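S.K.: Given these sequences and hints, build the entire structure.
Going by the numbering used here, the sequence shown opens with residue 1, and the numbers climb by one from there.
Possibly wrong hints are sitting among the right ones.
[As the list claims (entries may be wrong)] FRET-style restraints, in silico, Cβ to Cβ:
| hint | residue 1 | residue 2 | range |
| --- | --- | --- | --- |
| 1 | 35 | 99 | 19 to 27 Å |
| 2 | 5 | 68 | 18 to 26 Å |
| 3 | 22 | 106 | 31 to 39 Å |
| 4 | 90 | 44 | 18 to 26 Å |
These are calculated hints, taken from the structure and not from any lab test. The structure displayed is predicted, hence computed values, not measured ones. All residues carry an ideal CB built from backbone N, CA and C; glycine is no exception.
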Amino acid sequence: MTRPAGRALRLTVLVGEHDTWHHRPLYAEIVHRAHAAGLAGASVFHGVEGFGASRVVHTSRLLSLSDDLPVAVVVVDAEDRVRAFLPELDGLVTGGLVTLDPCEIVRPAAREDTE
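M.R.: In structure tokens form, the structure reads like this:
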């Protein structure tokens with residue numbers, strides 16, 4: 001599989017760290033589905049503070065009662081491949097935010113061949 005270079009599309013899915021899908025972390029399910037779909041890669045980033053539609057600020061600061069911190073799942077691949085993956089998120093991401101942004105890949109990741 002060749003890695004994309006040049007123009008691409010970035011998919012970002014913002015959810016809470018405690019959001020689940022069938023007793024599995026939602027972010028892990030999204031990564032699993034992206035992998036199964038053959039996308040170039042997916043990364044999960046753990047936020048230290050944020051708020052969403054509920055307007056409740058979630059933070060990792062000491063003395064905070066909030067522990068459901070934001071998590072971002074980021075996928076970058078060719079536009080057609082990312083758009084073909086979007087139906088996988090239907091019914092899966094019900095309370096999060098899904099965004100698409102055009103981007104440019106300036107240095108494709110090296111392929112790691114592990115058996």
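S.K.: Against each hint, give a clear statement of whether it holds in the structure.
M.R.: Hint by hint, here is what the structure shows:
1. 35 x 99: 19 to 27 Å: 21 Å, holds
2. 5 x 68: 18 to 26 Å: 37 Å, violated
3. 22 x 106: 31 to 39 Å: 38 Å, holds
4. 90 x 44: 18 to 26 Å: Holds: the Cβ-Cβ distance is about 20 Å, inside 18 to 26 Å.
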